[in-house]
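**Student:** Chains as they are written, first to last, in UniProt numbering: chain A, 1 to 173; chain B, 1 to 792; chain C, 1 to 289.
Treat the hints as calculated values from the structure; they're not laboratory data. Some hints could be false.
[Stated by the list, open to error] 20 Å max Cα-Cα, derived SDA-like pairs, lysine to any residue:
{"#": "1", "chain 1": "A", "residue 1": "143", "chain 2": "B", "residue 2": "717"}
{"#": "2", "chain 1": "A", "residue 1": "88", "chain 2": "B", "residue 2": "346"}
{"#": "3", "chain 1": "B", "residue 1": "570", "chain 2": "B", "residue 2": "659"}
{"#": "4", "chain 1": "B", "residue 1": "18", "chain 2": "A", "residue 2": "79"}
{"#": "5", "chain 1": "A", "residue 1": "88", "chain 2": "B", "residue 2": "22"}
{"#": "6", "chain 1": "B", "residue 1": "18", "chain 2": "A", "residue 2": "71"}
{"#": "7", "chain 1": "B", "residue 1": "570", "chain 2": "B", "residue 2": "482"}
{"#": "8", "chain 1": "B", "residue 1": "18", "chain 2": "A", "residue 2": "82"}
{"#": "9", "chain 1": "A", "residue 1": "143", "chain 2": "B", "residue 2": "409"}
{"#": "10", "chain 1": "B", "residue 1": "346", "chain 2": "B", "residue 2": "409"}
{"#": "11", "chain 1": "C", "residue 1": "87", "chain 2": "A", "residue 2": "153"}
{"#": "12", "chain 1": "B", "residue 1": "18", "chain 2": "A", "residue 2": "76"}
{"#": "13", "chain 1": "A", "residue 1": "143", "chain 2": "B", "residue 2": "496"}
{"#": "14", "chain 1": "C", "residue 1": "87", "chain 2": "A", "residue 2": "88"}
{"#": "15", "chain 1": "A", "residue 1": "88", "chain 2": "B", "residue 2": "392"}
{"#": "16", "chain 1": "A", "residue 1": "143", "chain 2": "B", "residue 2": "16"}
{"#": "17", "chain 1": "B", "residue 1": "346", "chain 2": "B", "residue 2": "392"}
{"#": "18", "chain 1": "B", "residue 1": "346", "chain 2": "B", "residue 2": "240"}
{"#": "19", "chain 1": "A", "residue 1": "143", "chain 2": "B", "residue 2": "425"}
{"#": "20", "chain 1": "A", "residue 1": "88", "chain 2": "B", "residue 2": "16"}
{"#": "21", "chain 1": "A", "residue 1": "88", "chain 2": "B", "residue 2": "409"}
{"#": "22", "chain 1": "A", "residue 1": "143", "chain 2": "B", "residue 2": "659"}
{"#": "23", "chain 1": "A", "residue 1": "88", "chain 2": "B", "residue 2": "15"}
{"#": "24", "chain 1": "B", "residue 1": "18", "chain 2": "A", "residue 2": "91"}
{"#": "25", "chain 1": "C", "residue 1": "176", "chain 2": "C", "residue 2": "67"}
{"#": "26", "chain 1": "B", "residue 1": "18", "chain 2": "B", "residue 2": "717"}
Chain residues, written in single-letter form:
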Amino acid sequence: MVRIITTVDGARHDDDVEARLLLVHYLRDQLGRTGTPIGCDTSNCGACTVLIDGYSAKSCTVLAVQVDGREVTTVQGLADGDLHPVQKAFHEEHGLQCGFCTPGMIIAAIDLLSDNPDPSDGEVRRGMEGNLCRCTGYHNIVKAVRAASADLRATAQGPAPVEPAPEHAVVRA
Amino acid sequence: MTAPPRTTGFIGRPVRRKEDARLITGQTRWTDNLRLPGLLYMAILRSPVAHARIGPVDVSAALAEPGVVAAFSGADLADEYGPLPTAWPVTDDTIVPDHPALATDEVRHVGDAVAVVIAENRYQAADALDAVDVRYDRLPPVVDLEAALAPDAPLVHAGSGTNRCFTWSFSAGDYSAVKARAEVVLSRRFIQQRVLPTAMEPRAVLADTTTAVGESTLWTATQVPHIVRVLLSSVCRIPEQKLRVIAPDVGGGFGGKLNVYAEEALALVVSRRIGRPVKWTASRGEDYQATTHGRGMIQDIEVAAMRDGRALGLKVDLISDMGAYLQILTAGVPLLGRYMYPGIYKFEAHEIRCQGVFTTKTPTDSYRGAGRPEPAFAIERMMDELAAELDLDPLEVRERNWIEHEEFPYTTITGLTYDSGSYEAATARARELFGYDELRREQALRRDRGDRVQLGIGVSTYTEMAGLAPSRWFGQHRYVAGGWETAGVRLLPTGRVEAVVGTSPHGQGHVTTFSQIVADTVGVPLDDVDVLHGDTSVAPHGLDTYGSRSMVIGGRAVLAAAEAVVAQAKPIAAHLLEVEPGDVEFADGRFSVRGAPDAGITIQKVALAAFTAHDLPEGVTPVLHADVTIDPETFSYPHGTHLCASEVDTETGAVSVRSYVAVDDVGRVVNPLIVDGQVHGGITQGLAQALYEEAVYDTEGNLVTGSLVDYMVPGPPDVPPYTTDRTETPATTNPMGVKGAGEAGTIGSVPAVVNSVVDALRPFGVTDVRMPCTPERVWRAIHEHSPRGGVV
Amino acid sequence: MIPPQFDYVRPRSVEEAVAALGEHGRDGDAKVLAGGQSLLPVLRLRLGYPTVLVDLGRAAGFHGVREEADTLVIGAMTTHHEVMTSKLVRAHCGLLAEATSTVADPAVRHRGTFGGSLSHADPAGDLPAVARAFDATMVVAGPGRLRTAPASEFFLGHMTTALEPEEVLVAVRLPKLGSDWGYRYEKFTRVAQSWAIVGVAALVRRSNGVIAEARIGLTNMGSTPERATATEDALTGRAPTDDAVASAAALAAEGTAPPSDLNGRADYREHLARVLTRRAVLAAAMRTR
């Protein structure tokens, strides 16, 4: 067993884990954070995508011991009272159907938008190439990411909101 | 003051989905998320070989592994259950092989289950599988469909004496006479490759037989909890009333979760044997081996026509791959397709024959469209071939043959009566949106220039039979269940409404669309309506979700039940208003007195009055609740015109879809947002079959595309944006005018895409490219026909 | 799927890493865990059962990009994301940045490492061919010593390198190329995130209007990354016209032994190598000053 200390969605955890324990199983089975699902064995589908220190990673292809001392953000850690603009946009643009790929899609979109705040349709498609969806044909996912991009940029440039804005943006190293 | 919430006009509006809130925040209930006290994890040892006699299966070493609680071979559990069922023996003499949940003497496909190990956690269960000892004495694999039918072929099921599962045939008109009269006879062989449904959620099962009331509960990632309950209660010898089946959040299905599976039976009997709840979750690789595959068919098609483009006759000869066993609909899938070979066209004569064949591969069964994409592909490809042969525009050939709007209702050569449609309107709209004539001009220019990248235009004017199915029809075709659907609507004391439905959504958005119907009918705000589903204790009656049936049959039941509840409320309202029921009108959630609109009462107040029951008229019960079961009289027939423009790099063979227009007619639309989403996803699955996906088996019967590394599910950059629009000719066969929208995209798109690829390659003499149209296949097609091999 | 059990060590330095490999590499099968993006799927599919994983994630001395005179030194544990966004790499080794940006997908590139990809030596991996094109030098640490190996001697076969069991790749040295060099990585895949059927990494130096030097690495044209030497020779001294490049590119598959698999039989790969080489060289030549 290996002792690891992590912060997951803002909460600190101190656990003994098997070295071989996958991060996604640590999240799901040990911490009970089942919002992040598993869709494949080969890091192709992206359903399990989380942020590690602000960068997207496929949590089925990371060992829990590798995130010792790191900060992990899952889809369950995005909404802080209000939904994250990307979550909102997926709802508004009908960017999900069964919803199984959605946690990974939303995380991948947040990662993409922090790299490229104003992506074109093609840039969204390339930036999300590591995430598979079987329901939507990606059409409305692309629309959702573009809409979230516009929303985030408007918020960033617009006048300060009356109420304090929720801490959506994940600070990058 | 804010305006009161809307209580009418929901049907037809792009209402945002009620389902989303949990799904976008990770507050989900996928089967694998669920945990119970004392939960154990089951892992399954699967055959690594396609066909073998198995020696004694020794699980003793596995039992000694850390955390292992139990381990069983097929022999250990043989007394616990009967064979897995099929629900559709299509002929009197269909061979139905024995199908044990765990193999006892022989394994017949890679992935056939051999032993189970149950441990305290999933890691221990996985480890212990390595300790199970099995001897495999190899038998010859049966992979090729035609070879399997040879008289001396090795047998998948030795006892049956043949690999032929069934043969059926049908004819109408005199095909030989028509062929003799024809000026053109075209023959083609098409291969419907096997594909893997690939719902993003792999299958998972949780069984608990330990409840105090002696009830067994099965949570399973399924489309069909009701079908699972009735069939598994018999397989596992659990009295039906003691088995509760729950489909919690289900992450896509596409037909792959329309079945009764070995793992469901195993989890139940293992839980019963050891007295603790048991969970199994498929890995993706396991899902690919142990979830049914789609398609898998050789199609020999012949069209007899005149030189003016009029088609006279259609002959079809099919060999359909069953795989190793019959799952519930395996044999029925091609039978469904039987009716759709003529598509939207008028034929004088038709012959069709189909042989089902056993192979040592994973069983096939439904996959989005189940039986209907295959004929749509065949006929739409043949229309393009006919056009090319006669040097006519593909749309022109179709127009010469299709059923004209004035001719509806029209009974086709296979005996189906199409109630409504306008192929002219859908095609005209698609043509306009696509810029058909301009693209044809660009194509001609590129051909003249000998461009390296050629443009291809693919046409598909498909129809399908949706809304499966009239129970009587199912009975006539030897399917063992009915096709009805049930919904209940109850008005609660606080004026809120619950709808209980027998359909079982797994991504379709039924909670939203059915809420729209209820809210409109009862006249309440959308948020005051909830839809309950997917649990046989909560929604005991139903036949679940497949075959574009949920809106066409289930939605109709919801509407009728909601109307019935309003009718129940009416005499109470009349009593409270002190008028005769005949003097009461209902609109927008309010009962009012005819001629005195100011005198009225809301349905919420009526609900409360019914509940308190202090002052009800004579003979009126306090419960406002109606259950309605609808058995459809006939099918519905969505149709549409899909146009696809592809660019083909003649040097590399790479195909890139440049633009795609789909104009579908799914009848009346309850929620355009959701219908568009269904169409987008459906097109993409069809496009994936056309260009990317194939479940490849090698000659030894190994599934070579056993993971997402090798099985090419397209990602966001691999598919284009879509232009979708609709024409609306309401179905005349149901009061809502709906036709079903779940499968149309998949049915329409496969031929549109392949036709575009072949169209691009016509100048090279290419007349077909096998699916999926991989770059290598496209390149080889060019090379076979062109000495220059493209324009290198 | 679930990885098998293994012991786990997390060295703090190159020396500790080498010591750990020395200790565990002899009596068992020790594997280096770099980013894990290839190793973990292998373990999850139980295609390998290493006894020990040596996790370099916290070891000093493996990370970062720095200049040394006319050379860029890239630490083996530098992630793909760091490589492709590095100002130094983009300024001096643009081919590497371009090829790295095609590796897998963004999430994988955040974890996967340059050195891990080279040490894994998958014939379908993009970066070995790039290393060959650059004539990169591998800096390898073993018990008590550092040694260097040219890329041409590093890749020995299918997923096999010149690394001994107790050795680890520490860094890769790439020559800084001036603006007289142009580059292009042409990658041909079935779907966006899949492995290359064939890839071509082209570096072209122009001088006085002609190609003074061409270096062309080939991905997935054999069990190791190859150089298209016949094409390189044929290009030297020629103006980069369509015809000249096409006739040189026609030699690109010479001497290769590409595999036949699901995504392409050998003759198709040879054809692709010729087409992609022509495209890569023309694009690279266009990019020179």
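**Student:** Hints first: check each against the structure and report whether it holds.
**Tutor:** Evaluation of the provided hints:
1. As the CA atoms of residue 143 of chain A and residue 717 of chain B are separated by approximately 14 Å, the hinted pair is consistent with the 20 Å bound.
2. Between residue 88 of chain A and residue 346 of chain B the CA atoms are separated by roughly 49 Å; this puts the pair beyond 20 Å, and the hint is violated.
3. For the given pair, residue 570 of chain B sits about 53 Å from residue 659 of chain B by alpha-carbon distance, which is inconsistent with the 20 Å threshold.
4. The straight-line distance between the Cα atoms of residue 18 of chain B and residue 79 of chain A is roughly 18 Å, inside the 20 Å bound, and the hint therefore holds.
5. For the given pair, residue 88 of chain A sits about 12 Å from residue 22 of chain B by alpha-carbon distance, which is consistent with the 20 Å threshold.
6. Pair hint residue 18 of chain B plus residue 71 of chain A does not hold up; C-alpha atoms about 32 Å apart against a cutoff of 20 Å.
7. Between the alpha carbons of residue 570 of chain B and residue 482 of chain B the distance comes to roughly 33 Å, so the proposed pair goes past 20 Å and is violated.
8. This hinted pair checks out: residue 18 of chain B and residue 82 of chain A have alpha carbons roughly 17 Å apart, not beyond 20 Å.
9. Between the alpha carbons of residue 143 of chain A and residue 409 of chain B the distance comes to roughly 40 Å, so the proposed pair goes past 20 Å and is violated.
10. The straight-line distance between the Cα atoms of residue 346 of chain B and residue 409 of chain B is roughly 13 Å, inside the 20 Å bound, and the hint therefore holds.
11. Of the pairs offered as hints, the one joining residue 87 of chain C and residue 153 of chain A is violated, with about 26 Å between alpha carbons and a cut-off of 20 Å exceeded.
12. Taken as a hint, the residue 18 of chain B and residue 76 of chain A pair is honoured in the structure, with Cα atoms around 18 Å apart against an allowance of 20 Å.
13. A threshold of 20 Å between alpha carbons decides the hint, and for residue 143 of chain A with residue 496 of chain B the separation of about 34 Å lies outside it, so the pair is violated.
14. A threshold of 20 Å between alpha carbons decides the hint, and for residue 87 of chain C with residue 88 of chain A the separation of about 35 Å lies outside it, so the pair is violated.
15. Restraint check for residue 88 of chain A and residue 392 of chain B: the C-alpha separation of about 50 Å exceeds 20 Å, so the hint is violated.
16. Proposed proximity of residue 143 of chain A and residue 16 of chain B is supported: the alpha carbons are some 15 Å apart, at most 20 Å.
17. With a C-alpha separation of about 18 Å, the suggested pairing of residue 346 of chain B with residue 392 of chain B holds against the 20 Å cut-off.
18. For the suggested pair residue 346 of chain B and residue 240 of chain B, the alpha carbons sit about 47 Å apart, so the restraint of at most 20 Å is broken.
19. Proximity of residue 143 of chain A to residue 425 of chain B is assessed by CA-CA distance (about 29 Å); at most 20 Å being required, the pair is judged violated.
20. For the suggested pair residue 88 of chain A and residue 16 of chain B, the alpha carbons sit about 11 Å apart, so the restraint of at most 20 Å is met.
21. At most 20 Å may separate the alpha-carbon atoms for a hinted pair to count; residue 88 of chain A and residue 409 of chain B exceed this at roughly 45 Å.
22. Restraint check for residue 143 of chain A and residue 659 of chain B: the C-alpha separation of about 17 Å stays at or below 20 Å, so the hint holds.
23. Restraint check for residue 88 of chain A and residue 15 of chain B: the C-alpha separation of about 15 Å stays at or below 20 Å, so the hint holds.
24. With a C-alpha separation of about 9 Å, the suggested pair residue 18 of chain B and residue 91 of chain A falls inside the 20 Å cut-off, and the hint holds.
25. Proposed proximity of residue 176 of chain C and residue 67 of chain C is supported: the alpha carbons are some 9 Å apart, at most 20 Å.
26. With a CA separation close to 29 Å, the supplied pair residue 18 of chain B and residue 717 of chain B exceeds the 20 Å bound.
Comparing the model with each numbered hint stated earlier shows that hints 2, 3, 6, 7, 9, 11, 13, 14, 15, 18, 19, 21, 26 do not hold.
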